[in-house]
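Each chain sits in its own coordinate frame; assemble them with the hints.
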Amino acid sequence: MTMEFFAGWNEAPPFAAPQIWDNTLQCLGRLPSRRELRQWLELVRPLGVTQVCVGSVGPRDWDTVESLAADSPGDMQLEFDLDLPRSGLSCVVQQPELAWRVVLGQGQCEQAVRRLCGSSSSTTVVLPEAVCMDPLELSRWLRKVEDWGARRIEFVGTHGCPWGAGVESLLRFALGLGRGATPPSYVWSGVAGLGVALAQAIHAYEAGAAAVRGTFGGAGGSVPLESLLVHLMLEGLWPEHSLQTLCSVGHWLEVELGVDLPPNHPVLGSDAFRTATGVHAAAIVKAEARHRPDWADAVYSAVPAARIGRQQCIEVGPLSGKANVQHWLKSQQLHCSDELAEAILAVAKDQQQVLTDLELVDIYYTLNGAHPC
Amino acid sequence: VELLSPRVTQNQSDLLTFRELNRADDLRRYFMLRQMVFAEQGYWPTDAPRVSLDVDSFDRHSRFIGAFTVSGELVGGARIILAQDTPNAAVIESLLQEHGCVTPPARDRTYHAQRWFNFDAVIGHVQSQGKQVVEFGRTVIHAAWQNKRVGHLLLHAVHGLARCHGISVGLAVVPPRLARFYSSAGCRVLHRRGPSRSPELNAEVVPVVLELSRLEGPFRVALRAERCLHLKGEWRSSTHSANPEESAENLVDWAGNPRGGHGWEPVLSRLPLLRSGVSLHDETLRDGLQSPSAVNPPLEAKTSLLHHMVELGIESANLGLPAAGGAARKHSEELLQYVAAQHLPLLPTLAGRTLPEDVDAIVEASQNAGLAVEAGLFLGCSPIRQACEDWDFPRLLAFTEKAVSHAVAQGLQVMFVTEDTTRTPAHILEPLYHTALQAGASAICLTDTVGYATPRGTGKLVSHVKNFLGQHGYSARLDWHGHNDRGLGVANCLAAIEAGVDRVHATLGGCGERVGNARLEELLVHLARLSGRPLCSDSLEEYLLWGRRHLPWVPLSPARSTPVQPSRVAALGAAG
Chain A
58 MTMEFFAGWN EAPPFAAPQI WDNTLQCLGR LPSRRELRQW LELVRPLGVT QVCVGSVGPR
118 DWDTVESLAA DSPGDMQLEF DLDLPRSGLS CVVQQPELAW RVVLGQGQCE QAVRRLCGSS
178 SSTTVVLPEA VCMDPLELSR WLRKVEDWGA RRIEFVGTHG CPWGAGVESL LRFALGLGRG
238 ATPPSYVWSG VAGLGVALAQ AIHAYEAGAA AVRGTFGGAG GSVPLESLLV HLMLEGLWPE
298 HSLQTLCSVG HWLEVELGVD LPPNHPVLGS DAFRTATGVH AAAIVKAEAR HRPDWADAVY
358 SAVPAARIGR QQCIEVGPLS GKANVQHWLK SQQLHCSDEL AEAILAVAKD QQQVLTDLEL
418 VDIYYTLNGA HPC
Chain B
19 VELLSPRVTQ NQSDLLTFRE LNRADDLRRY FMLRQMVFAE QGYWPTDAPR VSLDVDSFDR
79 HSRFIGAFTV SGELVGGARI ILAQDTPNAA VIESLLQEHG CVTPPARDRT YHAQRWFNFD
139 AVIGHVQSQG KQVVEFGRTV IHAAWQNKRV GHLLLHAVHG LARCHGISVG LAVVPPRLAR
199 FYSSAGCRVL HRRGPSRSPE LNAEVVPVVL ELSRLEGPFR VALRAERCLH LKGEWRSSTH
259 SANPEESAEN LVDWAGNPRG GHGWEPVLSR LPLLRSGVSL HDETLRDGLQ SPSAVNPPLE
319 AKTSLLHHMV ELGIESANLG LPAAGGAARK HSEELLQYVA AQHLPLLPTL AGRTLPEDVD
379 AIVEASQNAG LAVEAGLFLG CSPIRQACED WDFPRLLAFT EKAVSHAVAQ GLQVMFVTED
439 TTRTPAHILE PLYHTALQAG ASAICLTDTV GYATPRGTGK LVSHVKNFLG QHGYSARLDW
499 HGHNDRGLGV ANCLAAIEAG VDRVHATLGG CGERVGNARL EELLVHLARL SGRPLCSDSL
559 EEYLLWGRRH LPWVPLSPAR STPVQPSRVA ALGAAG
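One line per chain: the protein sequences are A and B, in this order.
Position 365 of the first sequence, counted from 1, bears residue number 422 in the numbering used here, the numbering being contiguous throughout.
Position 131 of the second sequence, counted from 1, bears residue number 149 in the numbering used here, the numbering being contiguous throughout.
Same shape as in the complex, but just chain B (with noise of 0.2 Å):
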């Protein structure tokens, strides 16, 4: 039988329409073309029996099967597990009598995964809280569509159909080499569940939940598609996948060839309009890797970014937080390590708290690497924090004393952090830059920790600060390091500029603790259009590139950002 008319082909891919299976013509196609995409794709055993439908004892419990198809023809489906018997039981007895397929056996567990994994605490867990788990699975593409977008396309669908069915987490067993696409879209392969085999497939499978009320990323199409199968009972889709490029192509366009804003700003405002020779701080390795959303990448891709940082001029980058133990600490020891090895012309920083141990791992990575860093020592000073923790000044003073000297007379340059100083006072702030100067400080950071300041109450704040390290004859370089809670960050950091510091930390896409920092991208181009700044548009682009490929949740343009999807999904083949 042929799934796929030939006269459908890609042009006409914006007719995808998914809609659940109900009538016996529709779920014949589907079974057969599980039995056809598994079998190309050796799952099979090679003693397995040759049949034409692909029907299991489970398919008796798939509550919903839905597909997509084309033209009237089916290109793609998958199945929802439900503990409960399908609807469509008749029509699939009809179809195992009509193709002389043996009835299977009935199940020995409610889900299919459960053959491999045991899922009691989670399934447990889940209907203790009155809702439903199904299982995702045997999600199967033709071969003519796959690697056309059709796989996140049927993925959103199903977990659409879901959502609209009340359902809340969905199970799903898939090939290891799935399992980090499956979960930068925002599913979770279960910790220490390696993969699994089962005689029934040649296939290795791992286990992955999904929990459909907190959908992220890519995954959010899933709330459109909801939407539509709600309302009308199917969901149409175009396969026309978003340029990757375009979000890179618009900044780029921006930097180059700044539209507008000729009139205001060089006839009223002041010239010039910032000063220049403010130097770059990067944070997307350690404040960007805080997001709640963030995946840790593998240690080469945090290397490729270092190289992306050097070609956009970038000055300083903080590489992580060693103190923070676990993959935390390999992984900035190893980037240290790295910079030392390639002469990479970046200042680098690691961050601390202002505790001796946490000094103690800074310099044990910076020795290891045989390079100088900067410590980037925080210390919570805020009248709501001192509060919360019932500590009083003279501890924090103290806390500065110890931590600056100890990490000076290690050999380290120090960058004194004091945490939310845009809600805290001068006369707290005021001691202890004094402390921290007169221990061997080097730098101070003014960070607005919540996103709390507005670009006056930096500016005030900067230029207070500026003066006040005038009056008493330092000569520390000012940071300003601030988060985007109230959607000003990179305005923040304009007045940052203006008001006199000389570094500003942001990070790329703006990704950071909660909702992030100032975007880099956009600070870089602010520094082109109003200082100029050198900004090279082909580094540019592959630093947000780079942001797409391990960031996807981030939208990387401000005007049309668009979430990015991995660059290719074969067969899903959910084993489930």
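Only chain A is shown next, with the shape it has when bound in the complex (with noise of 0.2 Å):
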């Protein structure tokens, strides 16, 4: 509704929306019980994911597949990573319906590989060293891996590098190889650092990568989906998802896989949304005022907060102005005059930090004896 605000310098061409594919169970550092992958699927599922990695598997695990394959949806895929030399193959072949991803260069054999490619389409080679292969190795590493009947093959950003024009090249590459009438398709799974991991996977899509793959929360030093599901909504990709439960999926990763959002995380973290700058607040506290809440919304902030599951929060600081404090205390159904308004800023300003509401609530009571409504 406020698209019509926007300059369009960030329009693209219409690329198409690459498959989401999630990797954050692999935190867990084990599978999953039943319980919670069920969780997980109901909190990913309306996002769009549609392939979830739910682990490695050992010799051992097999019974464990099973039982969390019957739980598998219709609408997204179940993936295990696996080690050929440990796990055997034999199971593998009786589980089709299930996609599998294996690693080269940890002692996998040709003809391992030749054969899960065989038993299961949804098998994806993963080629680790990519980027730091000279064109001549990597073409002929993608038409051995092409030949052995790997149908998707995996990239991996390694640490930051290479950045958006080089994931580009290393795609358009790749697919200006591809032989035959179905050519293997591509996967692109980032890795964080330095910044550039998300900007790496929306080049890798543009350059034609059919999937990306990555974690919530950045989860382990991934792509953070949650920021690439935020792109795709906001460059209109993803219209037929509601992100509505990206918050829940927030709050399942801390409390289920101990993971550590700081309050900056892009999206997910505590201060996503919150603002004690007078400006700002008076911008949106305005907005508020012409009952325009989707204006509220998107003054001050590129997401908006209502469409994934939260909402704006103005506080008041040192750098706070008039408008926070009204604000506070009409959220508060708290009565004040300009004085005490005036006093309560004053006090404020000389902080060292945004006020807390039991910091307020106290101010706001030690100060109405000297400035009472």
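Just so you know, these hints were derived from the structure itself, not from any lab.
Virtual Cβ for every residue (Gly too), placed ideally from N, Cα, C.
Hints should not be assumed to be uniformly reliable.
What the hints assert, rightly or not - To give an idea of the interface, some chain B residues facing chain A are shown, with a C-beta separation under 7 Å as derived from the structure:
#1 Arg-242
#2 Ser-311
#3 Val-533
Said to hold, decoys possible - The calculated lysine-lysine pairs, modelled on DSSO-like cross-linking and capped at a C-alpha distance of 30 Å, are:
#4 B/Lys-149 / A/Lys-379
#5 B/Lys-420 / A/Lys-379
#6 B/Lys-348 / A/Lys-406
#7 B/Lys-149 / B/Lys-250
See below:
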């Protein structure tokens, strides 16, 4: 509703949205319980996630895999990481509806990878060092893996390298090597580092990657999927999915996975929609006074909080103006004269940090004796 | 009674286990530990009777008591007073009789802290919302375990225990020397309640309030404690502290020894990768401290940051917004005077709105310091801001002309900053730039105030404005100031550099308004890697360590972030 206000500097050609593959559960360090898996799938299904990597499986995990596979939802695919020499292949062949992921360079032999790719078209073969290979070496590997039957090939970014142009070059080069009627599709798996993981993922899907792999909250140092989803939403590439459950995803990450989301984490952090700055608060308050909650949600926020299950929050601190104080008093249903608001603001200006509700209550009642309403 | 067995050594610190106490033997050891620690620290008045247990009337209302044990030995504990009788009343009575202690008189207040301070307004406000308030107190750690991070863990644990029981708000009174620690860790020392002294304790205390539903920074570990206590009835934790240098080392390693990325940048991408000669502008002391989690560092800390900036080769820094008044004005003026007195090779900038009073505040600061400064005068001009404020465009042009002319007439260099440039169309920007530049502005700053831009959008905007300046013969410097709301802060800076800006703004750790700005340390590494900008690893490490000390809520390494713990928390000794 507010888009008519925004200039079109960000406008881009109509790229195809990538599939979103989620690796968050791997941060458990074990296979999840059925309860945990069900909870997680309920949270991420509405977001449009198409594949969830459940964890790594060893030879003793096949019973667990079978029981987890029973909860596999129709519209999402469950994926497991395989260490072929340890895991064995017999059970894989019996579970063709599941997706598998195998990393080359961990002692995987050609025969095993061939058999795995033959048994399940949803097998992803990872080339972990692709970003460090020169084009000749990479082309040899890609042809070899394609000959083994791989339909999905994954590249992994490493510590912020390469940057955007490099990711695009890599993927365009790989896509240009495709042979036959159905060339393999490519998956980009970013690794956080030096602040460009999300930008790399964007460059990757714009260059033709069919899927982007990451984790919510950037857990484990991957592409932060919540930011990628918000990006797709703002670019108009994610129209069919609501992001309202993102807020619950953040809570689940903290409580169930023990992920520390710093306050300044984009989208999910506690500060993402807080402001105590006078100029910002004044604009929000004026938008609210005009009964335009959509303006209030957008005037000082790139991400509309209401669309991800959150809300804008105005606080009072040393850089605040009178609008902050008046907004807070109104939210607490406390009556206040102009003199008292000025007095509270004067106290706030001398503080070293933003005041909490309880501090403000304390100040309000302390000062109210001097400035009774 | 030996509270801590000699066989329990630091090497066994992994075995710390926290649980709620309810057995007579556990409670007896906790009360003895309290007595011993408080006596050692001199909290008891000299004329106080010598007893073996510290039990007061509020223990009858200490609804929850929790403690850490190592190999079964108690090393620290705390109580949580709730305005209900304790389930341990019978055990406490029998302990008092067993040790020949006098039964404490009935309480005169609901909470211990109310003996010192009037918490009625706060308690009334919380209870009116149907929430429960507790008081944390009698937090003690055995002398052998002090300064070993057990203090932090104990705070996390008791907060987790309270959350586990559905508590929303906690009160405490603590020694003044610990007020800063509590403050930096998410608790708040209540306003206008100076230290108080009670005849009961030989110590001054200050009041602290902790909102458990808003735990931040290091205290978020309490969420884990809560979960473990809820699921298993106990929380096990290690005292092994995270290596405080770890993040810095990681980043320095990336700078000095970049891994990967050798294949696709030089071979298939264009060369050179990034233009060199771009200067960096540090916004930590202005925009950085607008973070809602920020605690304004003392002036000495800010001056030391200026030296770190100089050592890193950062060319300029924003020293604050003097027109904000109060502490902000005082610090920005003093910092400017410091730069002048020390002859620091740093171009100082002060921020202000495009209003005459803001310009006057900057002029006054500049004159007091005897140093020329650049005024960063910002103007909200995006269509949505105009709609909210009911501004019309001629008014914006008038503001710009008046403020810039006034500042130039007063001898200031002016950087004209259009807020929210990335959501503002060219037909608004161009007349504003004409007006500002013709009034004497020497630089234009494009801002992504709300973190809306994508790298593609950034490149398009910068190229457009660069062409505009060239076409009209302006020789103004072009700056980029980005935010990180969409997680693209650093990538946008790189795109802006590639498109031709002369200076980019960033902050230490990316701290700033809402989720903050571009991270300066990451930018430094990118510039070293992609454009050959010199980068001294030791200086970067010092810069990051400053952030660890003064911006503890900011994760400094994107890959392995570990919130910083203050280096030392001695006896917690909360007196309540």
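Discussion item. To test your reading of the hints: which numbers does this structure violate?
Written reply: Those not satisfied: there are none.
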